[in-house]
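Here are the chains, one letter per residue:
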Amino acid sequence: MSRRLAEVFSRAKSTNRAALIGYLPAGYPTAAASVELMNTMIDAGVDAIEVGLPYSDPLMDGADIQFAVAAALAGGTTTDVVLDVVGRLDGERAALLVMSYWNPIERYGVARFAARLAAAGGNGVITPDLTPEEAGPWSAATLAEEIDTIFLVAPSSTDERIKSVVASTSGFVYAASTMGVTGARSQVGGGAEPLVTRTRRLTGLPIAVGLGVSTGAQAREVAAYADGVIVGSAFVRCIRAAPDLPGALAAVRGLAGELAEGVRR
Amino acid sequence: MIWLPLVRTQRCEIVEGEQKLTTADSTVTAGHFGPYGGRFVPEALTAALDELDSAFRSAIMDPSFMTRLTALERSYTGRPSPLTRAERFAEHCGGARIYLKREDLNHTGSHKINNAIGQALLTERMGKSRMIAETGAGQHGVATATAAALLGLECTVFMGEEDTRRQALNVVRMQLLGAEVISVTAGSRTLKDAINEAMRDWVASVDRTHYVLGTVTGPAPFPEIVRYFQAVVGREARDQIQLAEGRLPDAVVACVGGGSNAIGLFSGFMDDVDVQLRGYEAGGDGVETGRHAARFAAGSPGVLHGARTYVMQDEWGQTIASHSISAGLDYPGVGPEHSWLHDTGRAKYEPINDDEAMAALALLSRTEGIIPAIETAHALAGAMRVGRELGPTAVIIVNLSGRGDKDVATAARWFGIGAPAGIEMAEGR
Numbered sequence: 001m002s003r004r005l006a007e008v009f010s011r012a013k014s015t016n017r018a019a020l021i022g023y024l025p026a027g028y029p030t031a032a033a034s035v036e037l038m039n040t041m042i043d044a045g046v047d048a049i050e051v052g053l054p055y056s057d058p059l060m061d062g063a064d065i066q067f068a069v070a071a072a073l074a075g076g077t078t079t080d081v082v083l084d085v086v087g088r089l090d091g092e093r094a095a096l097l098v099m100s101y102w103n104p105i106e107r108y109g110v111a112r113f114a115a116r117l118a119a120a121g122g123n124g125v126i127t128p129d130l131t132p133e134e135a136g137p138w139s140a141a142t143l144a145e146e147i148d149t150i151f152l153v154a155p156s157s158t159d160e161r162i163k164s165v166v167a168s169t170s171g172f173v174y175a176a177s178t179m180g181v182t183g184a185r186s187q188v189g190g191g192a193e194p195l196v197t198r199t200r201r202l203t204g205l206p207i208a209v210g211l212g213v214s215t216g217a218q219a220r221e222v223a224a225y226a227d228g229v230i231v232g233s234a235f236v237r238c239i240r241a242a243p244d245l246p247g248a249l250a251a252v253r254g255l256a257g258e259l260a261e262g263v264r265r
Numbered sequence: 001m002i003w004l005p006l007v008r009t010q011r012c013e014i015v016e017g018e019q020k021l022t023t024a025d026s027t028v029t030a031g032h033f034g035p036y037g038g039r040f041v042p043e044a045l046t047a048a049l050d051e052l053d054s055a056f057r058s059a060i061m062d063p064s065f066m067t068r069l070t071a072l073e074r075s076y077t078g079r080p081s082p083l084t085r086a087e088r089f090a091e092h093c094g095g096a097r098i099y100l101k102r103e104d105l106n107h108t109g110s111h112k113i114n115n116a117i118g119q120a121l122l123t124e125r126m127g128k129s130r131m132i133a134e135t136g137a138g139q140h141g142v143a144t145a146t147a148a149a150l151l152g153l154e155c156t157v158f159m160g161e162e163d164t165r166r167q168a169l170n171v172v173r174m175q176l177l178g179a180e181v182i183s184v185t186a187g188s189r190t191l192k193d194a195i196n197e198a199m200r201d202w203v204a205s206v207d208r209t210h211y212v213l214g215t216v217t218g219p220a221p222f223p224e225i226v227r228y229f230q231a232v233v234g235r236e237a238r239d240q241i242q243l244a245e246g247r248l249p250d251a252v253v254a255c256v257g258g259g260s261n262a263i264g265l266f267s268g269f270m271d272d273v274d275v276q277l278r279g280y281e282a283g284g285d286g287v288e289t290g291r292h293a294a295r296f297a298a299g300s301p302g303v304l305h306g307a308r309t310y311v312m313q314d315e316w317g318q319t320i321a322s323h324s325i326s327a328g329l330d331y332p333g334v335g336p337e338h339s340w341l342h343d344t345g346r347a348k349y350e351p352i353n354d355d356e357a358m359a360a361l362a363l364l365s366r367t368e369g370i371i372p373a374i375e376t377a378h379a380l381a382g383a384m385r386v387g388r389e390l391g392p393t394a395v396i397i398v399n400l401s402g403r404g405d406k407d408v409a410t411a412a413r414w415f416g417i418g419a420p421a422g423i424e425m426a427e428g429r
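Residue numbers (our numbering), protein chains in the order written: chain A, 1 to 265; chain B, 1 to 429.
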């Protein structure tokens, strides 16, 4: 486990709150703007940034993130650009993660990706379509670079399955709140709390809940039982709705502030 | 997760620097074909894939399931499909003895019904009430909608917007059969994007929905399940050719999009090492133009739609949009078993360009009175190459995987025919 993610969760716990993890795709709306937006999120109280690596076939993502990653790809966002974005984020004040579908990492070379990410100051990688069964070389490469490997559990995961997932996981466990794709929802899935309870019995790792959290009130609700709250699509929506970059920065700062307030217990 | 051994596994042995395929006992993990296949899916789908895996394995050991499947194959699909000698067409194939495995005569007009009925029965067995499917040419969508109507299940079919346009006939067929057709406007608006959208629906609806994947792609156990239900094609063809010729063929030929009709035919001859397995992928405008769907000629191993396989991708691992005049072959990935057959050399794959396929379509129509699907026309063009290569003593079976009714609008534009007076033929060539 990287010290950085462990620190983030223990610092949050010691101040009686859940860690706030915010997602944006690198390169949306542009590479430079995405750096500015993510640093603004950090400034407004986000504890860890999940930098999305845009992929042509994002089958776990809903409409907002699909739109953003398509725009990022059209703008020329390559894996090297993503790593460059990571390197320009304020890693002093937040842990830096990458969220990537598997093929771009495999294509880049798992050892090369882990090494370049570590060099850029990255602390972990979330891989939503990589299962522990297929993760052998990835685990070895990330261990060597002290990069955390974050896998997902879902409401449909059996206890036996959760055991196998957490055995390959470091940093924190990503609990998908609902059976579905990413996207802001009016309610956080009712399956989230029981899933966190079941997972907690099987691991000492921190557990963060994602999918469908978009408001301070939802963050508060989740912070009551989870160690971390993950918000993605809601940030993308802020940017889509803003007329220009200053507007997007203000909206993102406002939402991050509201969520940071929400995760206090 | 329970990994059970495959019914038939393959092993790759390195013999003096050459890879040779054997069918000896294998240490290959189920769900994989050499390094290909596997499961690259959101965790939310793992439980459903495990459930499907165990339902499939118990079903095929259950005499009542198999009796029902066989009865439907006979009385509903119309199996066995005939093996037709194509003598006039063969004159253009170096005089080889060409036989057509007539999957076009199946109910709904293609081999797709074999898998759709099998998976519909599995859906019922798992107690699910809804089926979803992706479709490119529309043949799998029609087959799934048909099976849904037969068994009284709900059905939603995802189809790229580009494909709803070029296969409009099949959209209407699906709707008549009671299915909801969702036109997918993301990405390249073709089969790849339809699969993404079907996966997204499935993650959110998996407790009551089965995803009837239409080809030998996707996460395990789909490639194995689809192969199982399509293997009837190869079994019948093997018996039929021995009755007709008193011997096995020299080559069996099929087109390869995802590759289910090819795997169905190939599987009957996999262990017959003297029978060549020849697959034809879509060369589109020509591999050199970049506008094609030639995964083996121009792709590389990667991960797409849940499996490791040959993929058309750029240097960053982003999928490259494919192109083919045939909606059913217009896909940047391919079934993982084909990747393994390719690497081991057991099967050989070549691209066929749009123009070569369309010429074969016209030729079969005029020499045999059979209008094939444009997908199938790629296999026919391949058979012409194989026949000329092997000569007049050769016996060749072509999987005539589907009929061409759905393609008449595309063919009319291509050949500049069929326009009634007063109707302008747009995009005529």
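Any given hint could be a false lead.
[Stated by the list, open to error] In silico negatives: residues of chain A with every beta carbon more than 12 Å from chain B:
id, residue
1, Gly121
2, Glu146
3, Ser156
4, Tyr225
[What the hints assert, rightly or not] To be clear about the criterion: a stretch of chain B counts as covered by chain A if any three or more of its residues have a C-beta under 8 Å from a C-beta of chain A, and this derived list gives those stretches:
id, stretch
5, 35-43
6, 46-54
7, 84-98
8, 312-322
These are computed hints drawn from the structure, not numbers from a lab.
Even glycine gets a Cβ: it sits at the ideal position worked out from N, Cα and C.
Quiz item: Of the hints stated earlier, which fail here?
Solution: 3 and 7
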